[in-house]
Amino acid sequence: MRTGLGYAGLFSALLLAPWLITWLGDPFWLSILTEIVIWSCFAASINFLFGYVGLLSFGQALYFGFGMYGVALGITELHLSFWPAFFLGPLSATVIAFLTGILAVRLTWHYFAIITVVFSLIMYFLALTFKSLTGGDDGINFSLPDIALGGSYKVSLTNATTQYFFMLIVVALCFWLIRIVMASAFGRSLIAIRDNDVRASLIGIHVYRLRLAAFVIAGFLAGVSGTLFALFGRYASASYMFYHVSGEGVVWAIVGGIGTILGPAIGTGIFILIREIVSSHWQHYALIVGAFAICIVIFAPEGIVGLWKKYVLKRGA
Amino acid sequence: MNQTIVALAINGIVFGLIVALIALGLSIIFGLLDIINLSHGDFFMVGTVLTYTTLTTLGLFWPALLIAPLIGFALGVLVQYSIIQRIKNNAALSIVATFGLSMIIQEVVRMTFGAAPKRIMSPIQGTFGLFGIEYEWYRIFAAVASIIAIVAFFIFLKKTKLGTWMRAVRHDRDTATAMGIPTQHVYLFTFGIGFAMAALGGVIAAPITTVDFRTGVDILPFCFMAVIIGGLGNLPGTVAAAVLLAFLEGVISGFATPTIARIFSLVLMSGVLLVRPQGLFKGLTK
Chain U
1 MRTGLGYAGL
11 FSALLLAPWL
21 ITWLGDPFWL
31 SILTEIVIWS
41 CFAASINFLF
51 GYVGLLSFGQ
61 ALYFGFGMYG
71 VALGITELHL
81 SFWPAFFLGP
91 LSATVIAFLT
101 GILAVRLTWH
111 YFAIITVVFS
121 LIMYFLALTF
131 KSLTGGDDGI
141 NFSLPDIALG
151 GSYKVSLTNA
161 TTQYFFMLIV
171 VALCFWLIRI
181 VMASAFGRSL
191 IAIRDNDVRA
201 SLIGIHVYRL
211 RLAAFVIAGF
221 LAGVSGTLFA
231 LFGRYASASY
241 MFYHVSGEGV
251 VWAIVGGIGT
261 ILGPAIGTGI
271 FILIREIVSS
281 HWQHYALIVG
291 AFAICIVIFA
301 PEGIVGLWKK
311 YVLKRGA
Chain H
1 MNQTIVALAI
11 NGIVFGLIVA
21 LIALGLSIIF
31 GLLDIINLSH
41 GDFFMVGTVL
51 TYTTLTTLGL
61 FWPALLIAPL
71 IGFALGVLVQ
81 YSIIQRIKNN
91 AALSIVATFG
101 LSMIIQEVVR
111 MTFGAAPKRI
121 MSPIQGTFGL
131 FGIEYEWYRI
141 FAAVASIIAI
151 VAFFIFLKKT
161 KLGTWMRAVR
171 HDRDTATAMG
181 IPTQHVYLFT
191 FGIGFAMAAL
201 GGVIAAPITT
211 VDFRTGVDIL
221 PFCFMAVIIG
231 GLGNLPGTVA
241 AAVLLAFLEG
251 VISGFATPTI
261 ARIFSLVLMS
271 GVLLVRPQGL
281 FKGLTK
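Same order as they appear, the protein sequences are chains U and H.
The opening position of the first sequence corresponds to residue 1 in this note's numbering, with each subsequent residue numbered one higher.
The opening position of the second sequence corresponds to residue 1 in this note's numbering, with each subsequent residue numbered one higher.
Derived from the structure by calculation, the hints contain no laboratory data.
Don't be surprised by glycine CBs; every beta carbon is placed ideally from N, CA and C.
Honestly, I wouldn't trust all of these hints.
[Said to hold, decoys possible] BS3-like cross-link-like pairs, simulated, lysine-lysine; straight-line CA separation at most 30 Å:
#, chain 1, residue 1, chain 2, residue 2
1, U, Lys310, H, Lys88
2, H, Lys158, H, Lys88
3, H, Lys88, H, Lys161
4, H, Lys118, U, Lys131
5, H, Lys88, U, Lys309
[Claimed, not checked] Anything over 10 Å on all C-beta distances counts as not near chain H; from chain U, calculated:
#, residue
6, Leu16
7, Glu35
8, Pro84
9, Ser143
10, Val155
11, Arg209
Can you make the complete structure from the sequences, with help from the hints?
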């Protein structure tokens, strides 16, 4: 009941955000909030694998990149209209997640972390090699087609508020999907695998198949966030496939609180806010970000959500 | 063409030996403490930067061979004492902590040293004839210096009391503690040695690469590959894998772009991971 109220409160705050931000002054913060919403989905993808299945992926940037290129190339090369291009992004990420997942989920722990990095590096270097198609590190730009919403009614993401709501709805659907998955028998089997894969296989859970399914879902989530980010920035670049992007996502998810629904979003929000607030005053903001990450793991190893549960909820109960 | 390939292949072996030195440092931290150290490449970078600083302030290259590893050791001990010890060697948390550390190191270097990549003159000038090509003496020195450091490390591990303690703690932490080995001190020392080796690799590599605050990011995956292909915890395997990978990349870059060569070694790496996750050399050494 309480958590339900919490979600409702958070969601209404997010719904009112465009007007709150305009009322407070600087519309710049709306684009920052949009960015947080988009990257939350990326952190959620990492959390889904690590928090619920126990697989630490350092290669989610690969699927983020495929989402980006799916939509960008769909518009520039295939001349698709908005919706087909929009679905091409997550679709290509999901397909490539399935293909790489077949091999990757045969491994666990350190080996899994390394092979996901290796796969993402292979694709990163391939993207650099096919520079004529991908634009390499410089990337490719595209202009946004309008979104057809049935009949002759059209909206455009060039309006910052429309763009924000579009991203918010898509990401909210993704978080809702995660909740549904985790509440299902499939989700509980994933938790069983995370806690003890041998015991899980002994009670008849097909560990490999379920891990693969989870890997594909995580690839889809990363693909969605890549797609949204490409639409947001109107460009796609190979640099987003580099392992550093994956690493940042891992940090966001762990700092927010691994294995919780909202933790990744909170971690992402805090890191992007720190970056934006500090970088406008001090160019060496990376020092603050790094120090913050270290302080969190020392003083709040359960992440920010863990800290919240420990101090706020306990006191209330 | 043939001569170019010979040069590239030898360059590969030289670079592989330097990487082996860095990867050994990574491997002992990984194996002993179960820590995934994402800041390891940055200590290599710190080594190159300290070399540049030594060269510009003292006008000499050679003192860097001593200064950089000492500073690396001190920083390693400091990091273990102030950060890693507090998170109780938890692997997931260590990733976040060392990622944060990596950001801090890179930013500090960018603040003090500047963002522009720099090159330094090799302290040993001159070339000699080798299979019909003119080869730089410095690269030969780099290979010999790396081999000496690697051999010294193995002797240290096998012959000294501290080295034996390190192997004991790695083998069975609880028993080692029960036998009276000061585990916490061994941890501190391991981190120090690991970072010192990365910094030493940086000094040796400095005249043949660029000095740039981002070089650590490029070398880190390569070191992890050597550690994994060689087999986790298999130190001679790590050395062999590093040299083999760099040699292959060198040879292939004679036929294709360095990017294609890198892709090839990555594909090879995933093949090894999938077929022999215990490492390429399991059962061949020891």
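Hint check:
Restraint check for lysine 310/U and lysine 88/H: the C-alpha separation of about 20 Å stays at or below 30 Å, so the hint holds. As the CA atoms of lysine 158/H and lysine 88/H are separated by approximately 27 Å, the hinted pair is consistent with the 30 Å bound. The suggested pairing of lysine 88/H with lysine 161/H holds, with an alpha-carbon distance near 25 Å, which does not exceed 30 Å. Using a Cα cut-off of 30 Å, the hinted pair lysine 118/H and lysine 131/U holds, with the two alpha carbons roughly 27 Å apart.
A threshold of 30 Å between alpha carbons decides the hint, and for lysine 88/H with lysine 309/U the separation of about 22 Å falls inside it, so the pair holds. For leucine 16/U, the requirement that its beta carbon stay farther than 10 Å from each beta carbon of chain H is met, with the minimum near 33 Å. With a least beta-carbon separation of about 19 Å from chain H, glutamate 35/U lies farther than 10 Å from that chain, consistent with its non-interface assignment. Listed as a non-interface residue, proline 84/U keeps its Cβ farther than 10 Å from every Cβ of chain H; the least gap is roughly 31 Å.
Residue placement check: serine 143/U keeps its beta carbon more than 10 Å from all beta carbons of chain H (closest about 30 Å). Non-interface status of valine 155/U relative to chain H is upheld: no Cβ of that chain comes within 10 Å, the nearest being about 39 Å off. Consistency note on arginine 209/U: stated as away from chain H, and its beta-carbon is indeed over 10 Å from all of that chain's, at 18 Å minimum.
Taken one by one, the earlier hints all hold for this structure without exception.
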